Amino acid sequence: MEQLVPNISAQLNDVLQSLHFFVPELYLTVLFIVVLVTDLLFGKRSAKMCRLVATGGLLLVILQVINQQVVLPHDMAQRVFNGMLVLHHPAISFKLVIDVLALILLMYFAWDNKLKQHTKGLSDLYSIVIGSLLGLHVMAMAVNLLSIYLGIEFVSIASYLLASYRTGNAKSTEAGLKYVLFGAAASAVMLYGISLIYSFTGTLDIFAPQMQEGLTHVNGVSSTFAVGLVLLGIGFKLSSVPVHFYVPDVYEGAATPVTAYLSTLPKIAGFALLVNFITPLILFGTGANWAGINIRIVLSVAGIITMIAGNFAALWQNSVKRMLAYSGIGHTGFALMAVTTFSAAGLSSITYYLFVYGLANIAALMMANFFENNEDITNISDYKGLGFKYPLISVAFVVVMISLTGIPISAGFTGKVLVFSAVYDIYQQTHDVWLLALMATGAITTVVGLFYYIKIPLNLFLKRVEIVPNEILKSTNLVVFSSVIALLLIIFGILPHLLTKVL
Amino acid sequence: MNLLSLLIFTPVLFGIIILILPSSMRASFRYLTLAATLVQLVISVIIYLNFKTGTTFGGINHEDQFQFAQKLPWIDLNLGSLGKLQIEYFVGIDGISVTILVMSALVMVVAAISSWEINSNLKGFFALFLLLDMAVMGVFCALDFFLFYTFYELMLLPLYFLIGMWGGVRREYAAIKFFLYTLFGSVFMLLVMVGLYLSVTDPATGNHTFNIIQMMNPNNYTNGSVFSASSHATILGLPARMVGFVVLFIAFAIKVPVVPLHTWLPDAHVEAPTPVSIILAGVLLKIGGYGIIRICMGIFPDAAVSSAFWLGLLGVISILYGAFNALAQRDLKRLIAYSSVSHMGFVLLGIASGTAEGVSGAMMQMISHGFLSSMLFFLVGVVYGRVHDRDIYNFRGLASLMPRYTVYVMIAFFASLGLPGFSAFVAEAFSLAGAFKSSSVNGLLPQWMAVCGAVGILLGAAYLLWTLQRMFFGTVSLKGGEIWKIALTDINFRETAALLPLALLALALGIMPSLVFGKINDAVLAFVSFLQLK
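So the sequences go chain by chain: A and B. Residues 1 to 503 in the working numbering are what the first sequence spells out, letter by letter. Residues 1 to 534 in the working numbering are what the second sequence spells out, letter by letter.
Only chain A is shown next, with the shape it has when bound in the complex (with noise of 0.2 Å):
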């Protein structure tokens, strides 16, 4: 104890410098709070309060984040508390694509209808997305294996909060359940991997030199299973092979505007934290004396099987939400070969396919769900005809669809061709067959994902039915907001260079 005492001056100081390079985070915190007590003071009205002040606090964040982004020095990586997280343009990117897809988020989940109907009010769900945005930017952050950890709890516990939000029936609760437990196994194995890692080096940072020597001198299979449990844990988050399985029922049970987030945001911080971890058995793979697994390898047959079993499993999808669900897993696969590559270049590759991914995805959700508040429908068969009944959100489906799949001009192509240029110029220096081997996996489940992502023009315009007119227009604003983003896919699509300027 009277060691410690000449250091907390040292500590607290280092807490309070911190604190400079936690800004978006402070105001979350507070946002978080704010929230919660609007949900007391306002009661069962106090919904859409909530919703105001969550959306408009959340713009202050962003507006924090793009302030961090540009007083960072470019090459800067600050690490602060301690060495607990780090502050890169990166991760700064990571987190503004993550808050610009929350906001469009906290807008959409009113639109649901039976989200809207549930009797507990959606003034929880504002307060656990703002906390779990918080996780997320934790996440994106953390470089020690305890600020990993709980990064991913935050963010796993209101995942489960929100995925069985609202219970219609036995198959979404049993999914919400389901949800829960394969988590705590993969925090359970996480957090295996990470006291394993612990006792071999001595130290949870993972930039630490002890950390390198320490695994270095244990036996290459001890290491190998210690960071295969840990990367088994970020997989769980990123929906990757081998821990995927998950994903459909999930997706499917929960409620459309809650798939939009588990698609979009954990995915996307676990991807953040993915290139956090790997980052230093990188440069110990390249001191050349690390005994454990080659990363590349791992990744590289991880994003291969991610892909294809990805892509072929959502061709006989007939519900929209599982189709999405395991094109979802496809596009894990995609991203997983921009990581592969280690390079900037590879990173904004990912960044910048991850944003467009998510974009397309909610706009996606968005137009299934408008379709199951007006017409009842979830699954593509039904939509038969109905292109004709409502061509606006119906053309705007399509553009959605051609971003997903990548074909120009939808930023999904420019995205697409971005990984494939980070991954072409590695290999061109190394001439890895692996690298190879993905670029053409990537490829193949191109058309693959075509064939699936078409059944819904195919549906919507294709298929001839009697129509019926309906008298009212439900959802108007699903309509509007969904062909706003299908607007901007295309025009991210001709001038890529305005979003990654931002990025």
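FYI, nobody ran anything at the bench for these hints, they're computed from the structure. All values derive from a computational prediction rather than experimental measurement. For every residue, glycine included, the Cβ atom is placed at its ideal position computed from N, Cα and C. Be careful, since some hints might not be right.
To be verified - Okay, derived cross-link-like pairs now, DSS-like style, lysine-lysine, Cα gap no bigger than 30 Å in a straight line:
1. A:K178 x A:K120
2. A:K178 x A:K114
3. B:K177 x A:K384
4. A:K116 x A:K171
5. A:K116 x A:K44
6. A:K114 x A:K389
7. B:K71 x B:K84
8. B:K123 x A:K474
9. A:K384 x A:K463
10. B:K177 x A:K463
11. A:K116 x A:K474
12. A:K474 x A:K389
13. B:K177 x A:K389
14. A:K463 x B:K123
15. A:K384 x A:K474
16. A:K501 x B:K71
17. B:K84 x A:K501
18. A:K384 x B:K123
19. A:K120 x A:K48
20. A:K384 x A:K171
21. A:K389 x B:K123
22. A:K474 x A:K48
23. A:K116 x A:K389
24. A:K171 x A:K114
Stated by the list, open to error - Distance ranges between label pairs, derived from CB positions:
25. A:N379 x B:Y89: 40 to 46 Å
26. B:T234 x A:V301: 20 to 26 Å
27. B:M25 x A:K501: 40 to 46 Å
28. B:G224 x A:G228: 33 to 39 Å
29. A:I491 x B:G224: 36 to 42 Å
30. A:V70 x B:T234: 45 to 51 Å
31. A:S319 x B:I20: 34 to 40 Å
32. B:V169 x A:M49: 53 to 59 Å
33. B:D64 x A:T55: 54 to 60 Å
34. A:A440 x B:W116: 45 to 51 Å
35. B:Y31 x A:I491: 29 to 35 Å
36. B:T234 x A:L315: 31 to 37 Å
Claimed, not checked - Derived list of chain A stretches under chain B, where covered just means 3 residues or more per stretch with a C-beta under 8 Å from a C-beta of chain B:
37. 400 to 408
38. 422 to 432
39. 436 to 448
40. 454 to 466
Fit chain B to the given chain A structure using the hints.
For chain B alone, kept in the frame of chain A given last:
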């Protein structure tokens, strides 16, 4: 304002007008589309007339020799270690493109005229039609690979919907088959494109570039890059440049289509509505041939020369296989679709010969086939529109019922089978001459290929004349009896207006092939000498 950009984006302008106009004015959509295509035709003729010829306007691998060029910065991404992503809006034409542009513009007019038969969902149809029109013109003008690829892929979606929404009974199957085939070819093309981009640097700026012409210059390849000729890199044990060539070739061969990648074509043609069939046969197949010349052989001339034998072989197989299949068809539209496969085989054979005659013949065949196949599909559409049947055996003695129609059918058939005096004769004669000459000049193709090609012409005469005899001669005997007899009226003014220019052009090109050869000659010679350098 650059004429090419005007040519490319005129349809978009009209398309936007159509989208804005209320559906109550749907009657005007046809006229607007026709106006758009006519404006394009005028622009393309102006371009054709002002196109300068001479050895200093050869084009191919000399950027400064391209005419009507426009170059604007488009996408400028800073990719950190990868350098800058330099994508330009770069359009320009040389002799290879100019005649195809005029042909495409005319075919588009004919397609617009034949769109009078479309009666449902007019706004969607014409908007998609014009989008497709833009993409097609863009492909023939683009000199930046990224721009080219964008236009190339942009054609897929409108076509998918045009076939899928306005097509026949099996339209869904045909539309998705077409889409998947083409996309399969083009995603791998994307990989090669990215690889080329990372291998090539623009000497002026030092950035990597998508500029197709820069990709033709071996000096622009970075040492040690995948596609550099000097680094002898391999992909899966095969020479990288050969792999790149084969991938690009497959992508374009699907479009041409070359046997055995042709199976989407009969389905797409049979199910597509007449205007779309016309565009498909008249213009889209040419993109395959054009792409092989400009992109495939232009960027990988060394690989092209060493695999010329196989290209020629595929060409010959297409000629014969297409012709034999055409002989066996009962459906008139399917027959013409297979005849397209056969005729496009000559394009490949001519290109593979690597001689000036062969390449000129291939170019001529593309132009000639553009006019003739449009005419043939239009003619099928005339009968189908009247009685909704096109089985050859359900008709007999049409000549006495529809004399004027029969005249056009005879012109189209005789022109297609290569009667001297028509364009196809010149084209096929030059292709075969090139193939014959090849063994003595550059030794790329053996002479038996030319012989087999000549047999293809014979088979062409067989199926066309046989069809003529079965459907048009003899006493009148129709499956639908009196009702059909009344329905089968002779062609009207609108139909004549579409057919007459096509027939006249087929004749004009047969008598004065210099209309085409005069414009393409410098480019062809430049192309052939470019190939021989390797």
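Hint check results:
With a CA separation close to 22 Å, the supplied pair K178 of chain A and K120 of chain A stays within the 30 Å bound. For the proposed pair K178 of chain A and K114 of chain A, the alpha carbon gap of about 21 Å is at most 30 Å, so the pair holds. Taking the CA atoms of K177 of chain B and K384 of chain A, the gap is near 20 Å; set against the 30 Å cutoff, the hint holds. For a cut-off of 30 Å, the pair hint linking K116 of chain A to K171 of chain A stands: about 20 Å separates their Cα positions.
In summary, the hint linking K116 of chain A to K44 of chain A is supported, as the alpha carbons are separated by about 13 Å, within the 30 Å threshold. For the suggested pair K114 of chain A and K389 of chain A, the alpha carbons sit about 23 Å apart, so the restraint of at most 30 Å is met. Only pairs whose Cα atoms come within 30 Å are accepted, and K71 of chain B paired with K84 of chain B is accepted, the gap being roughly 17 Å. As the CA atoms of K123 of chain B and K474 of chain A are separated by approximately 25 Å, the hinted pair is consistent with the 30 Å bound.
Only pairs whose Cα atoms come within 30 Å are accepted, and K384 of chain A paired with K463 of chain A is accepted, the gap being roughly 5 Å. For the proposed pair K177 of chain B and K463 of chain A, the alpha carbon gap of about 16 Å is at most 30 Å, so the pair holds. Annotation: proposed proximity of K116 of chain A to K474 of chain A holds, straight-line Cα distance about 13 Å (limit 30 Å). About 13 Å separates the Cα atoms of K474 of chain A and K389 of chain A, which keeps this hinted pair within 30 Å; it holds.
Distance check on the hinted pair: K177 of chain B and K389 of chain A sit about 27 Å apart at the alpha-carbon level, within 30 Å; holds. Restraint check for K463 of chain A and K123 of chain B: satisfied, since their Cα atoms lie roughly 18 Å apart, inside the 30 Å limit. Between K384 of chain A and K474 of chain A, the direct Cα distance comes to roughly 19 Å. Compliance with the 30 Å bound is thereby established for this hinted pair. Only pairs whose Cα atoms come within 30 Å are accepted, and K501 of chain A paired with K71 of chain B is accepted, the gap being roughly 23 Å.
As the CA atoms of K84 of chain B and K501 of chain A are separated by approximately 13 Å, the hinted pair is consistent with the 30 Å bound. This hinted pair checks out: K384 of chain A and K123 of chain B have alpha carbons roughly 20 Å apart, not beyond 30 Å. Proximity of K120 of chain A to K48 of chain A is assessed by CA-CA distance (about 13 Å); at most 30 Å being required, the pair is judged to hold. Annotation: proposed proximity of K384 of chain A to K171 of chain A holds, straight-line Cα distance about 26 Å (limit 30 Å).
Annotation: proposed proximity of K389 of chain A to K123 of chain B holds, straight-line Cα distance about 15 Å (limit 30 Å). The straight-line distance between the Cα atoms of K474 of chain A and K48 of chain A is roughly 19 Å, inside the 30 Å bound, and the hint therefore holds. Simply put, K116 of chain A and K389 of chain A have alpha-carbon atoms about 25 Å apart, close enough for the 30 Å limit, and the pair holds. Distance hint between K171 of chain A and K114 of chain A is fulfilled; the C-alpha atoms sit about 16 Å from each other, no more than 30 Å.
Our hint of 40 to 46 Å for N379 of chain A and Y89 of chain B holds, since their Cβ atoms are close to 43 Å apart. A hinted range of 20 to 26 Å holds for the C-beta pair T234 of chain B and V301 of chain A, which are about 23 Å apart. The hint said 40 to 46 Å for the Cβ distance between M25 of chain B and K501 of chain A, and at roughly 42 Å that hint holds. Remark: the range hint 33 to 39 Å for G224 of chain B to G228 of chain A is upheld by a beta-carbon distance near 35 Å.
Taking 36 to 42 Å as the suggested C-beta distance range, the pair I491 of chain A and G224 of chain B conforms, at roughly 38 Å. A hinted range of 45 to 51 Å for the beta carbons of V70 of chain A and T234 of chain B is consistent with their spacing of about 46 Å. Between S319 of chain A and I20 of chain B, the C-beta spacing of about 37 Å keeps the proposed range 34 to 40 Å intact. Taken as a hint, the range 53 to 59 Å holds for the pair V169 of chain B and M49 of chain A, whose Cβ atoms sit roughly 57 Å apart.
The hinted window of 54 to 60 Å between D64 of chain B and T55 of chain A holds, with their beta carbons roughly 56 Å apart. Checked against the given bound of 45 to 51 Å, the beta carbons of A440 of chain A and W116 of chain B, roughly 46 Å apart, stay inside it. Range check, Y31 of chain B to I491 of chain A: about 31 Å between beta-carbon atoms, so the 29 to 35 Å window is met. Against the hinted window of 31 to 37 Å, the Cβ-Cβ separation of T234 of chain B and L315 of chain A comes to about 34 Å, which satisfies the hint.
Taking a C-beta to C-beta cut-off of 8 Å, the segment 400 to 408 of chain A contributes 3 residues in contact with chain B, enough for the three needed, and the coverage statement holds. With 6 residues having a Cβ less than 8 Å from any Cβ of chain B, the segment 422 to 432 of chain A passes the three-residue criterion, so the hint holds. With 7 residues bearing a CB less than 8 Å from a CB of chain B, the segment 436 to 448 of chain A meets the requirement of three and the coverage assertion stands. Counting residues of the segment 454 to 466 of chain A whose C-beta sits closer than 8 Å to any C-beta of chain B gives 6, which meets the bar of three, so the coverage hint holds.
Violated hints for the displayed structure: none, as all numbered hints are satisfied.
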